[in-house]
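Chain order of the listed sequences is Z and V.
Numbering-wise (the working numbering), the first sequence opens with residue 3 and increments by one.
Numbering-wise (the working numbering), the second sequence opens with residue 82 and increments by one.
These aren't lab readings, by the way, just hints derived from the structure by calculation.
Errors might be hidden in some of the hints.
Said to hold, decoys possible - Facing chain Z, a subset of chain V residues (Cβ under 8 Å, in silico):
no., residue
1, Y113
2, I132
3, K139
4, Y142
5, A183
6, L184
To be verified - Cβ-Cβ distance ranges computed for the label pairs, FRET-style:
no., chain 1, residue 1, chain 2, residue 2, range
7, Z, A7, V, D90, 29 to 35 Å
8, V, V164, Z, P83, 41 to 47 Å
9, V, N122, Z, V56, 44 to 50 Å
10, Z, Q43, V, E147, 23 to 29 Å
11, Z, A7, V, A82, 29 to 35 Å
12, V, N93, Z, L41, 16 to 22 Å
13, V, N111, Z, E87, 43 to 49 Å
14, V, E147, Z, S20, 29 to 35 Å
All values derive from a computational prediction rather than experimental measurement.
Cβ coordinates follow ideal geometry from the N, Cα and C atoms, glycine included.
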Amino acid sequence: EAGVAQSPRYKIIEKRQSVAFWCNPISGHATLYWYQQILGQGPKLLIQFQNNGVVDDSQLPKDRFSAERLKGVDSTLKIQPAKLEDSAVYLCASSPGTSGNPSYNEQFFGPGTRLTVL
Amino acid sequence: AQSVAQPEDQVNVAEGNPLTVKCTYSVSGNPYLFWYVQYPNRGLQFLLKYITGDNLVKGSYGFEAEFNKSQTSFHLKKPSALVSDSALYFCAVRDMDTGRRALTFGSGTRLQVQP
């Protein structure tokens, strides 16, 4: 099966500019996550979707970050305006939505988008 | 709140020797525990998980981990290290007694296997 797809792989922008990242999860996976991984740190959850609804966005800086998953499949994460401290790798992950699936407790990660803010 | 500690930024081991990467966790309920590996410019790859059952969990590429509830630890082990095991390893936890399925990750441990 195809894995989690993300684009672009790399993005360089100047501070105060806007940027958007795209994620296409594994087919049939109802749950989608966006994580931020700052250099030297572990990934930190930004937002979790179940189908097209938000389950957890408690750590999303809502003044500048937004995310959507309108049709319950692919998702877009946007930063507007970007700050220097937003430089990080943005990881998308997905997992099956039903507890009957043996992979229910696993998360499958995409390759990430490396963002550099100058 | 849940948290994970990986006390070693880097572990160095000679090829063929056993390796251990340490992880301790904190959750209010019962834990689900995971190990992931990250190679340069790649996403996280799943290695193994502990959900319930045997405390010794076997995973991909010959890795295993031992769940120790009294010490709240989940150390990653391999009997004989390979140079190709050199990568960044992350331990992660989620509390099975909450509905929150997102993972909390440690800061990572870089494993360097010398030929």
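Inset, instruction - Mind listing which of the numbered hints don't hold for this structure, in increasing order? - result: Those not satisfied are hints 3, 4, 9, 13, 14.
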